[in-house]
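Student: Going line by line, the protein sequences match chains A and B. The first sequence begins at 73 in the numbering used here and counts up by one. The second sequence begins at 291 in the numbering used here and counts up by one.
These aren't lab readings, by the way, just hints derived from the structure by calculation. Heads up, the beta-carbon is just placed ideally off N, CA and C, and yes, glycines get one too. Take the hints with a grain of salt, since some may be wrong.
To be verified - Output of the computed footprint for chain A on chain B, the stretches with three or more beta carbons under 8 Å from beta carbons of chain A: (1) 344-353; (2) 367-381; (3) 689-696.
What the hints assert, rightly or not - Reference excerpt, derived from the structure (chain B facing chain A, CB under 7 Å, subset only): (4) S326; (5) S338; (6) G340; (7) I341; (8) S407; (9) H408; (10) P415; (11) G418; (12) E419; (13) M437; (14) F476; (15) A477.
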Amino acid sequence: MSIGTRSTLLHLGLIALLFVLAFVLPSYHQGNLARIMVLATYAIGYNVLFGYTGLLSLGHAMFFGAGMYGLGLAMQYGGLGVIPAFVVALICAAVLSAVVAMLALRTIGVAFMIVTLMFAQAGYLTVLYFGAWTRGDEGFVIAQSARQIAGLDLTQPTTRYLAALVLFSAALLITARMMQVSFGSVLIGVRENEERTRMLGYDVFRHKLAAVIISGTISGAAGAGYAVLFGYVGATFTSVQYSIFPLLWVLLGGAGTTIGPLVGTLFMFYLIDYSSGLTNAYMLIAGVVLVLLTLFARLGLVGEIRKRWVAWLP
Amino acid sequence: MTRKLMTNRRTVLKGAAAGGLLAAAPLAARFASAQSSAPIKIGFQQHSTGIGAAYGRWYGRTTEAAVKMINDAGGINGRPVEIVAEDDGTDPKRGAEVLEKFANQSGCDVAFGTLFSHVVIGSAPAAGELKLPYFVVSEGHHVASGMLNRYTLQPGITDVKSQVQAMAPYVSENLGKKVTMIYPDFAFGHDHRDYFTAAIEAQGGEVLEQIAIPPTETSFTKYFPKIPRDTEVIYHVMVGPAVLTFVKELGEFFGPSRPEIFGFIDSLEAVDLASPGLEFLEGTYFWEGNPRYAQEDQTSHDKMFREAVGVDANGASVSDPKDVSTYAHMFGCWETLHIIKAGMEAADYQGPADRAKLIEAVEAMTDMPEGDAHPQGPKRFNGKTHQVFGVQYISKVEDGKLVKVHTTSIEDTLYPDEVDYTTMSF
Numbered sequence: 073m074s075i076g077t078r079s080t081l082l083h084l085g086l087i088a089l090l091f092v093l094a095f096v097l098p099s100y101h102q103g104n105l106a107r108i109m110v111l112a113t114y115a116i117g118y119n120v121l122f123g124y125t126g127l128l129s130l131g132h133a134m135f136f137g138a139g140m141y142g143l144g145l146a147m148q149y150g151g152l153g154v155i156p157a158f159v160v161a162l163i164c165a166a167v168l169s170a171v172v173a174m175l176a177l178r179t180i181g182v183a184f185m186i187v188t189l190m191f192a193q194a195g196y197l198t199v200l201y202f203g204a205w206t207r208g209d210e211g212f213v214i215a216q217s218a219r220q221i222a223g224l225d226l227t228q229p230t231t232r233y234l235a236a237l238v239l240f241s242a243a244l245l246i247t248a249r250m251m252q253v254s255f256g257s258v259l260i261g262v263r264e265n266e267e268r269t270r271m272l273g274y275d276v277f278r279h280k281l282a283a284v285i286i287s288g289t290i291s292g293a294a295g296a297g298y299a300v301l302f303g304y305v306g307a308t309f310t311s312v313q314y315s316i317f318p319l320l321w322v323l324l325g326g327a328g329t330t331i332g333p334l335v336g337t338l339f340m341f342y343l344i345d346y347s348s349g350l351t352n353a354y355m356l357i358a359g360v361v362l363v364l365l366t367l368f369a370r371l372g373l374v375g376e377i378r379k380r381w382v383a384w385l386p
Numbered sequence: 291m292t293r294k295l296m297t298n299r300r301t302v303l304k305g306a307a308a309g310g311l312l313a314a315a316p317l318a319a320r321f322a323s324a325q326s327s328a329p330i331k332i333g334f335q336q337h338s339t340g341i342g343a344a345y346g347r348w349y350g351r352t353t354e355a356a357v358k359m360i361n362d363a364g365g366i367n368g369r370p371v372e373i374v375a376e377d378d379g380t381d382p383k384r385g386a387e388v389l390e391k392f393a394n395q396s397g398c399d400v401a402f403g404t405l406f407s408h409v410v411i412g413s414a415p416a417a418g419e420l421k422l423p424y425f426v427v428s429e430g431h432h433v434a435s436g437m438l439n440r441y442t443l444q445p446g447i448t449d450v451k452s453q454v455q456a457m458a459p460y461v462s463e464n465l466g467k468k469v470t471m472i473y474p475d476f477a478f479g480h481d482h483r484d485y486f487t488a489a490i491e492a493q494g495g496e497v498l499e500q501i502a503i504p505p506t507e508t509s510f511t512k513y514f515p516k517i518p519r520d521t522e523v524i525y526h527v528m529v530g531p532a533v534l535t536f537v538k539e540l541g542e543f544f545g546p547s548r549p550e551i552f553g554f555i556d557s558l559e560a561v562d563l564a565s566p567g568l569e570f571l572e573g574t575y576f577w578e579g580n581p582r583y584a585q586e587d588q589t590s591h592d593k594m595f596r597e598a599v600g601v602d603a604n605g606a607s608v609s610d611p612k613d614v615s616t617y618a619h620m621f622g623c624w625e626t627l628h629i630i631k632a633g634m635e636a637a638d639y640q641g642p643a644d645r646a647k648l649i650e651a652v653e654a655m656t657d658m659p660e661g662d663a664h665p666q667g668p669k670r671f672n673g674k675t676h677q678v679f680g681v682q683y684i685s686k687v688e689d690g691k692l693v694k695v696h697t698t699s700i701e702d703t704l705y706p707d708e709v710d711y712t713t714m715s716f
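For reference, chain B alone in the conformation it holds in the complex (with noise of 0.2 Å):
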């Protein structure tokens, strides 16, 4: 669907400029300095429908946040931001279709918001061709591989490779050295097979067992007798609607003595932790990007990025506490968007010729301090492969609650660069 969000300060705009207010009315005059006061247009593509519809509405609610507060706080280059959200139905070949009707028919200035990896890698290519800077927002580590292009950068999410790999440390020295992995069998479980099982051994452990599960299955107990008996920690990063039934059996080929247990929680973003057959959960650990419940150490970053999305202390919207957020990611968008602006006005942008100036100014970017901007914490921009790096979080389920129980630092999440985009010519 295509919306046009906060347009309406452009129609202040126009009627302050007939009026003769320009330079009187308080709001006119934060875009008073700008050459042009014609908005400045991000189209979003959000997976509204498909797979990827829970992420999308997420996404959707933090995209409108932070372009609220950035467009009250004077704009781009004193000009507005305008979403032009369009869905890609979760679907590579309608993603990159998008992607050519906001360069070609919408006129933006730039591309964001992309979650999955098959539609971030589905539509680069068309990002690259039609010289389009595309943010996405994905966790994917297909920037930082090198596949795609000058044109298509990740700087508002840590990519799986690092997140993994940041995982290992806290894993062998709290949980144990013997792991069994359990996986969906397709690129995003492949992932986390390799990435992890180098990282653990890195530490001194051992992967005991990878148990790849087939993306059909829809029970998981014959699988779980290929469990080895002296497996000190069950690493799992079921993903879809399936999560609940594998967790819920788990627990019952386990019963009460299991061993250590470790998740991303990608596998229950938007799922409620009350949910009826998670309570074999309690006690086990999780990856998380962001946490979800608000901690002690709350930072007033925080605090202000949820009352601005709308979500509460317990991760779920204000208004209907069974709508759980997509905590751990949606973040991504609300920093990627404050780059976007950081990167124009490093660039003096004021329209698509300026499109390689932008892409230079956010290669060149480095730290970004924990702040209003980043509220999930500071990060290091690697211009070089065009993605981000920072601190990671690992929570433990208490009293049906997720608790931070450890921060990685970012220096745990770094690996030697890939790819060097910048040495691509535009």
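Excised from the complex, chain A in its bound form (with noise of 0.2 Å):
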């Protein structure tokens, strides 16, 4: 068997396997997954970046408040049902990842590191800054009754689940596929030796501007989803913390996997939520665990599985 088929076989086995788990687990941890998938498609959106292009950015959490503003205020104002205010979502973010990569690709490393958190800091103040039609760091709520495509309540909890699946297995796919053709080599080329990748000839820019569009473009993808599922647009999600989540996730899931990002995101939610359950100081334990895995796992979950056991793992 092929690499390329055991990479399409585990990717759907993956997506027919959170399916039935839609139907086996209880509600709670029913609920829990559903958040997941939607923050894993965020950190698939970022590791197309940080783990296949090699581009470290703390701002990410602009894109995924493009995204939920997008969908969030067409809804609100525009009065625009939920697939028109997605596909404005996805603009907003596309666009706003373009021009802030014609800007931030100019550096490199951590000046390209401080320019996206920059960037994202201003976006999170021009949330606040709108705060007439933002509610700035309060928020506002997306009605209950316009949340449904097609007669199909999204704020159902198995409907929830299955549509936080199918833009999951979107974002999954699309990467999985991109990585198997040139376009991806060529990313991961950037990513290991930038000048070597120039000299055979690529246009190593226009590469490193697709890869944050796309990156950007996912992770707004992500942040509608969140808004139009859970109901809630508010500023916090274009804090600088939301920024950090999906690198944590990233590297611990293991970056430049496909499934790492999921892999990070479920380990991380339970982890808080069970220390939780132990502790105030919950955030100690999560301290402690993502320093021994950065000791004992430098590569994430599913990098040192591939390392050590699975080569094949895409």
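Starting from two chains that each stand alone, build the complex the way the hints lay out.
Tutor: Below is the structure:
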């Protein structure tokens, strides 16, 4: 069996497993997994830029927020339905990521991190500045009655779970396919040795630009998905901690792996959920676990599995 | 953190039943008439960490004291009350997750206790979808504005719109009619800006200047020259760690000749008035939801409330005078828990199937007289808007203590309904 076939089977198997889980999980864990899949979509978007292209952004919350507010404001003030508002959200995230990329990609390394961080902070303050529409830090609710697609009630737990699964699957399959074609190989080339890739005749800037736009748009899709599935749009999601989260999830799960973002998000979610049941100092527990993982599983959970046992893991 | 309080009563019940002592034991007899002796579980969405942690700590102590009082008096419908506390990190995403945990994992009957508005608004959709009665203690205008849903209520604390509006008559009659407002440039500050500007104009006054301070600001000196010279009153509602710097720099700017100053105690909740730099506040005025310092005319209800929660006459913990309470807000937890009790008893609440009946029972409430269940003062609940209204206090700083100088009427706080939640289906 070729590596490509194995990868496809793995991804389809994972999606099938998640589908089955919709009907067997207790309601609490079903709700959690719906949330995790939306957040993992965000992590998948982040992984395109960080894991495959080697660009460490500290400002992805602005793309998540662009999708969230693109959809939220379009529904709240434009009166749009879920699907058209989702398209608006994707356009917002794509345009924002293109503009940010044009400027931020003039820098590299630490400067790229700082520039993206600054852009994201500007995005956060913009949300607060236009408080008359965004309700600033308080945010606003998307009415339960508006959260429907063709009669399907997205506030109903199983429907919401399946909608989250569709979003997650689309992001997973798109990125998995992307890494099977030459475009993905060039991104990895950029990550491994940018100068050599340029010397081989590839337009590095255009590839990095495309990576930022794809990464930002997937992140925006996750933001829009969160808003419509959970009914809330707020500035907290554009703050710096929501730029750090996808970095953590991807590092934990395994940068540059297709299923690492899901594994990392899942791990982190339940780590906090369970440890907060034990003590108020649950962030200390989370911190210690993260330090241990960094020391003993530097490639992340899936990355270590690939290195030690399953070399074909995509 | 999940903490289970008052579980001893359940254990006692079990032991008593096993020993055939149920009817004889005085403690068990209190719960004996109940159809079920299983505890009523109240999910407490607590700000244990994050920006709301100081409030969360005191909301926790107040909740513990209220539940002890309710259980000592026989619980709710003869069943003991158990609090399931869960930290939301003062984060709206985690807040919604915590509500799901209450409803689907911990088996809570209702959820309660959220303060910060963004956590309330982020969590309320989940409450509506889970059909989980959600009693917030937030003072935000979100409930009464109609933004939320039938399952979200605020029966234990007044909202910012009524508080701000009720201040305008006193400010215009006693302090001055030309006001400059200094407020943080986010939703909380914008609420003050909008509601107070309208209210002072209705009193024949005017707001000369609205100075919005960006939330990232750490020094304020450059904003003070914007204060017009003919300002008679400065109205300030700065919050967060920078408030001490704000007051200190304001004092340095004005020196001994200053206009009258009126602020919201939100700025200084959990902050000792004797903190260095706050001397400038001497002689200035504050809104207080509930007077922090025990007043000369202190009611027996306030005395009882202070003792039960463990607060001294200066508003600090009896065990640590430096641990200042969030006295202007935390009574809301106490009163909300008593309303949950009253609502459950009126609805003959037996379990989650009766949640809609509980909501209707609370919606039917109107006047709530001052008493041990309502130590802050009398209240009037509006079932249509799911919002309670009550008296507000204005205090003046004298010798480093807040001395009450005015009590508003409930009528001062009323405004036309903006929503009728009772028309929404369950």
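Student: Closer than 7 Å between Cβ atoms is the bar; does H408/B clear it against chain A? Give me holds or violated.
Tutor: 5 Å, holds
Student: Once the shortest beta carbon distance from S407/B to chain A is found, is it less than 7 Å?
Tutor: Interface hint status for S407/B: holds (5 Å vs cutoff 7 Å).
Student: Could you check if E419/B really has its C-beta closer than 7 Å to a C-beta on chain A?
Tutor: 5 Å, holds
Student: Do the numbers back the hint for S338/B, that is, is its least Cβ distance to chain A under 7 Å?
Tutor: Constraint on S338/B satisfied, holds at 5 Å.
Student: So, S326/B near chain A? Judge it on the closest CB pair being under 7 Å.
Tutor: 23 Å, violated
Student: Mind checking the CB of P415/B against every CB in chain A and telling me if the closest is under 7 Å?
Tutor: 3 Å, holds
Student: Holds or violated: is the Cβ of M437/B closer than 7 Å to a Cβ in chain A?
Tutor: Status holds, d = 6 Å.
Student: Okay, the segment 689-696 of chain B and chain A, do three or more residues pass the C-beta test at under 8 Å?
Tutor: With 0 residues close enough to chain A, the hint is violated.
Student: Using Cβ atoms only, decide whether A477/B comes closer than 7 Å to chain A, and label the hint accordingly.
Tutor: Hint on A477/B: holds, closest Cβ of chain A at ~4 Å, below 7 Å.
Student: Take the shortest C-beta to C-beta distance between I341/B and chain A; is it under 7 Å?
Tutor: 10 Å, violated
Student: Should the interface hint for G340/B be scored as holding, given a Cβ-Cβ cut-off of 7 Å against chain A?
Tutor: Result: violated, 10 Å to nearest chain A Cβ.
Student: For the segment 367-381 of chain B, do at least 3 residues have a Cβ located nearer than 8 Å to some Cβ of chain A?
Tutor: holds (count 3)
This entry does not satisfy hints 1, 3, 4, 6, 7, going by the numbered hints stated previously.
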